[in-house]
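Peer 1: Place chain B with the ligand on chain A using the hints.
Protein sequences appear in the order of chains A and B. Using my numbering, the first residue of the first sequence is number 1, and each one after it goes up by one. Using my numbering, the first residue of the second sequence is number 1, and each one after it goes up by one.
In case anyone wonders, no lab produced these hints; they're calculated from the structure. Careful: at least some of the hints might be erroneous.
[Stated by the list, open to error] Computed beta-carbon distance windows for the label pairs: (1) 287/B to 89/A: 57 to 65 angstroms; (2) 9/B to 89/A: 50 to 58 angstroms; (3) 192/A to 305/B: 55 to 63 angstroms; (4) 57/B to 1/A: 22 to 30 angstroms; (5) 232/B to 80/A: 24 to 32 angstroms; (6) 50/A to 370/B: 54 to 62 angstroms; (7) 6/A to 242/B: 40 to 48 angstroms; (8) 63/A to 46/B: 25 to 33 angstroms; (9) 6/A to 8/B: 41 to 49 angstroms; (10) 274/B to 139/A: 37 to 45 angstroms; (11) 244/B to 50/A: 17 to 25 angstroms; (12) 180/A to 144/B: 28 to 36 angstroms; (13) 328/B to 1/A: 35 to 43 angstroms; (14) 328/B to 180/A: 18 to 26 angstroms.
[Said to hold, decoys possible] Cut-off 25 angstroms, straight-line C-alpha distance, at most; resulting in silico cross-link-like pairs (BS3-like, lysine-lysine): (15) 222/A to 376/B; (16) 142/A to 376/B; (17) 236/B to 8/B; (18) 376/B to 339/B; (19) 116/A to 222/A; (20) 142/A to 5/B; (21) 5/B to 339/B.
[To be verified] In silico contact screen, one side only, chain B against chain A (beta carbon under 8 angstroms); selected entries: (22) 40; (23) 51; (24) 52; (25) 54.
Computed from a predicted model, the values in this text were never measured in an experiment. Beta carbons are placed, not taken as given, at the ideal position from N, Cα and C, and that holds for glycine.
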Amino acid sequence: MEFAVDGLRTFAATGGRPFDPARPAILFVHGAANDHSVWHLPARHFAHHGYSVAAVDLPGHGRSEGEPPATVAEMAAWLGRAREALGLERAVLAGHSMGSLIVLCAAADDPGATKKLILLGPAAAMPVHDDLLDAARRNDHKAIDLITYWGLSAASQIGGHRSPGLWMNGGGQRLLERADDGVLAAGLAACAAFADGEALARAIEAETLLILGERDMMTPMKGGIALARAIPDARHVVLAGCGHTMLAERPNETLDAMRDFLLPAAL
Amino acid sequence: MVDAKLPKFDTLSLHAGQQPDPATGARAVPIYQTTSYVFPDTDYAASLFNLERAGHIYTRISNPTTAVFEERIAALEGGVGAVATASGQAALHLAVATLMDSGAHIVSSASIYGGSHNLFTHTLPRFGIATTYVDPRDPAAFEAAIRPETRLVFGETLGNPGLEVMDLPRIAEIAHGARIPVLIDNTFASPALFRPFDHGADLVLHSATKFLGGHGVAIGGVLVDGGTFDWQASGKFPTLTEPYAGYHGINFSEEFGPGAFVMRARAEGLRDFGASMSPANAFYLIQGVETLPVRMARHVENARRIVAFLDGNGAVSWVGWPELDSHPDRALARRLLPKGCGAVFSFEIGGGREAGRVFIERLRLFSHLANVGDAKSLVIHPASTTHQQMDAAALEAAGIGEGLVRLSVGLEDPDDLIEDLDQALRAAARAAAPRAAE
Ligand SMILES: Cc1ncc(COP(=O)(O)O)c(C=O)c1O
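Okay, chain A solo, but in the shape it has when bound (with noise of 0.2 angstroms):
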């Protein structure tokens, strides 16, 4: 689905459904460099499940036309001026990595309009290692090497995708390698300079769902769980043996933890 914010061309795909806004809606929000596509099976489930979907593209990513904003509050501002062009006064907020700093941002921001909150790898801080930081940079592929060593669980690393026949790494650094170049550098960069996750946390009124992975070496699950003690209404969920890509590497599991927590759904 194409719809404008900002007077630019913005993407969101739906689900495979129609997007109504007057059905209960949920927001997807993507992380660094990655687009819509990382939401599929969520995606396609709420929207067949009572909701109306719209997994976004920010800007300057995937189908979205644009420049990526500097800052995860630039982005969250963003995210309230889609959330408006869709005409929805109130969303479900769901994001992963960048896309949970993002939707923790907003929900802090505009409480009012959120109606529940899921973070997917979140941190209240989100510090990149220079080599990384300095390879995306330089748009030098050894930085979608590093993100996907980082990204998956060692476990992960070898495979076992639960979608019969995909590897997750190839899959992985090709999204990655699809962003242009610069938006990899711009989201990292970002997140590096995003600091202030604890005193957003203690802002959220939404109830609020952490999904974390046990081997996250991106955002290590006890940074998670102590940004879930810092929500005043949050739970959080550990899934064993999975890293930062958590939906791929545990697809279902994923699902799980959000239906229980958006299922059945409410006006």
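Peer 2: Quick look at chain B with the ligand alone, frame taken from chain A:
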């Protein structure tokens, strides 16, 4: 500087795609010999059918044992995913059927496996799909043959049977300029020697029957998606970029991004055409893939020894091996295939058809049969067997002479193989020139 210590090729050959069996702890990949899988409840079942969940429904579409084989080959080729098929031929058909409709056109190398040639020349035209053949050594010919309705550029890493080396980087550039993907049959090289995705290919297929298995006990194929081709930007592939009524209007490139092709090939191709691999065959092929890099190194070593022997033999008029100075693709082979050009190659016996016949019948270790890529050494006469449907002109275009013999060099002791070839060549020479020998 930190390093991304991702598992490397030899490790992936043994492990990729498999976690020790969660039900039993079995270290080997178990054979899940089942047609179907119990659904915990109706909503779960509906979600699986609607691609909202990951998992297995029915073995025609996917199977846990076959999935390990698929994922392992995807890992070794460096793709995003793979679909295993009943044979190499089924993999080629699946690629064509996933990409195009009646009215489409293929540009293919002229030097391809006889079975692929049959499909393109005699069978696909019945379904409205035409093919133009071009010299694999002539990138400009690929460019000239591309038409508005062309949907695929096809070739083999090493041409069949002349081992023409495709200038893949150049040909991929041409195809991509026309917004068309490149499919490479990588059977003769295997990913242990050459990875087409690293050089511009978008799709790869194998006859897994050959080196991937290596034991000659199971027929199988596999089609791998590199995830590199931008179907949306191309605009020429409605099967991947427009809603598909056969799955509630799903749009594959929108929903699956880099995995669009492999998802459609399974969701439609295995569901509707049904040429899937059996779990037992997947198990056999996995046993082979575990040792692929070790075997390929030895295959190449043995082949080089035998090429050196034949190249210096008076009864042999020509040896088609890309590492020889006489081969036109020597520089290209050095650049693209530094680890070696496999172990299947052809040579021409002086004395024509009769000498060829005697040679093949006198061999003791080399088995005369229609296969390649076995651990055991094999031999065949293409003009009378694999390529017999081709007329004289097509044979000549594919570089196949009457006295051409094709070897697939196995893993036996190379001295024994050379001994066998030597005695058979002597017998062939005597048959070709009985009086001179008296
Ligand atoms: C290069 C090549 N491609 C494809 C095939 C077809 O594979 P299969 O026999 O597994 O159908 C063969 C079989 O000989 C082959 O040699």
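Peer 1: Each hint needs a verdict: does it hold in this structure or not?
Peer 2: Checked hints:
no.: 1; hint: 287/B to 89/A: 57 to 65 angstroms; result: holds (59 angstroms)
no.: 2; hint: 9/B to 89/A: 50 to 58 angstroms; result: holds (53 angstroms)
no.: 3; hint: 192/A to 305/B: 55 to 63 angstroms; result: holds (56 angstroms)
no.: 4; hint: 57/B to 1/A: 22 to 30 angstroms; result: holds (29 angstroms)
no.: 5; hint: 232/B to 80/A: 24 to 32 angstroms; result: holds (28 angstroms)
no.: 6; hint: 50/A to 370/B: 54 to 62 angstroms; result: holds (58 angstroms)
no.: 7; hint: 6/A to 242/B: 40 to 48 angstroms; result: violated (29 angstroms)
no.: 8; hint: 63/A to 46/B: 25 to 33 angstroms; result: holds (29 angstroms)
no.: 9; hint: 6/A to 8/B: 41 to 49 angstroms; result: holds (46 angstroms)
no.: 10; hint: 274/B to 139/A: 37 to 45 angstroms; result: holds (44 angstroms)
no.: 11; hint: 244/B to 50/A: 17 to 25 angstroms; result: holds (24 angstroms)
no.: 12; hint: 180/A to 144/B: 28 to 36 angstroms; result: holds (33 angstroms)
no.: 13; hint: 328/B to 1/A: 35 to 43 angstroms; result: violated (53 angstroms)
no.: 14; hint: 328/B to 180/A: 18 to 26 angstroms; result: violated (40 angstroms)
no.: 15; hint: 222/A to 376/B; result: violated (55 angstroms)
no.: 16; hint: 142/A to 376/B; result: violated (41 angstroms)
no.: 17; hint: 236/B to 8/B; result: violated (36 angstroms)
no.: 18; hint: 376/B to 339/B; result: holds (21 angstroms)
no.: 19; hint: 116/A to 222/A; result: holds (23 angstroms)
no.: 20; hint: 142/A to 5/B; result: holds (11 angstroms)
no.: 21; hint: 5/B to 339/B; result: holds (23 angstroms)
no.: 22; hint: 40; result: violated (11 angstroms)
no.: 23; hint: 51; result: holds (6 angstroms)
no.: 24; hint: 52; result: holds (4 angstroms)
no.: 25; hint: 54; result: holds (4 angstroms)
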